[in-house]
Amino acid sequence: MVEESGGGFVLVHVATPLQVCEARDRKGLYAKARAGIIPAFTGVSDPYEEPTDADVVIDTADASPYDAVQTVLDHLRADGWLTS
Numbered sequence: 001m002v003e004e005s006g007g008g009f010v011l012v013h014v015a016t017p018l019q020v021c022e023a024r025d026r027k028g029l030y031a032k033a034r035a036g037i038i039p040a041f042t043g044v045s046d047p048y049e050e051p052t053d054a055d056v057v058i059d060t061a062d063a064s065p066y067d068a069v070q071t072v073l074d075h076l077r078a079d080g081w082l083t084s
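In this note's numbering, the protein residues as written are 1 to 84.
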């Protein structure tokens, strides 16, 4: 939609395995979803559909926040979005 109106768009897929999401869940939402307290929870009771057309994919199970940012910045520089 953005590109159709003449704007630019970069799709960054922050890929995090379900097990990592659950381990990082400070609010206990995944546990509540598994217990049936939260219905229609993506990845637990509802399917998760990974994007197939991402410009950048970052695996946060292995990448530090710094590395993730650098990956995005490198892509933006390589495609001419950033000049420095």
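Just so you know, the hints here were simulated from the structure itself, not pulled from any lab data. Each hint should be verified, as a subset may be incorrect.
[What the hints assert, rightly or not] Label pairs and their computed distance ranges (CB to CB): (1) Asp59 x Phe9: 37 to 47 Å; (2) Thr83 x Ala35: 48 to 58 Å; (3) Thr83 x Ser45: 16 to 26 Å; (4) Thr16 x His75: 29 to 39 Å; (5) Asp74 x Ile38: 30 to 40 Å; (6) Asp59 x Arg34: 31 to 41 Å; (7) Leu18 x Gly80: 18 to 28 Å; (8) Val12 x Pro47: 26 to 36 Å; (9) Leu29 x Pro51: 29 to 39 Å; (10) Ala35 x Phe9: 20 to 30 Å; (11) Pro65 x Ile38: 40 to 50 Å; (12) Leu73 x Arg34: 30 to 40 Å; (13) Ser84 x Ser45: 18 to 28 Å; (14) Asp25 x Ser64: 31 to 41 Å.
For clarity, every value in this text was computed on a predicted model and none was experimentally measured. All residues carry an ideal CB built from backbone N, CA and C; glycine is no exception.
Each hint tested on the structure:
For Asp59 and Phe9, the hinted distance range of 37 to 47 Å is not satisfied, since their beta carbons lie about 22 Å from each other. At roughly 51 Å, the beta-carbon separation of Thr83 and Ala35 lies within the given 48 to 58 Å, and the hint holds. The given range of 16 to 26 Å is broken by Thr83 and Ser45, whose C-beta atoms sit roughly 46 Å from each other. Restraint check, Thr16 to His75: a C-beta distance of roughly 18 Å breaks the suggested window 29 to 39 Å.
Judged by the Cβ atoms, the range 30 to 40 Å given for Asp74 and Ile38 holds: they are separated by roughly 37 Å. Checked against the hint of 31 to 41 Å, the C-beta distance between Asp59 and Arg34 comes to roughly 24 Å, which is inconsistent with it. As the Cβ distance of Leu18 to Gly80 is approximately 35 Å, the hint placing it in 18 to 28 Å is violated. A C-beta distance of roughly 21 Å is found between Val12 and Pro47, which places it outside the suggested range of 26 to 36 Å.
Taking the beta carbon of each, Leu29 and Pro51 are about 22 Å apart, not inside 29 to 39 Å as hinted. The hint said 20 to 30 Å for the Cβ distance between Ala35 and Phe9, and at roughly 38 Å that hint is violated. Checked against the given bound of 40 to 50 Å, the beta carbons of Pro65 and Ile38, roughly 27 Å apart, lie outside it. In this structure, Leu73 and Arg34 meet the distance hint of 30 to 40 Å, their C-beta atoms being roughly 37 Å apart.
In this structure the supplied range 18 to 28 Å is violated for Ser84 paired with Ser45, their Cβ-Cβ distance being about 45 Å. For Asp25 and Ser64, the Cβ-Cβ distance of about 19 Å falls outside the hinted range of 31 to 41 Å, so the restraint is violated.
Checked against the numbered hints listed earlier, the structure breaks hints 1, 3, 4, 6, 7, 8, 9, 10, 11, 13 and 14; every other hint is satisfied.
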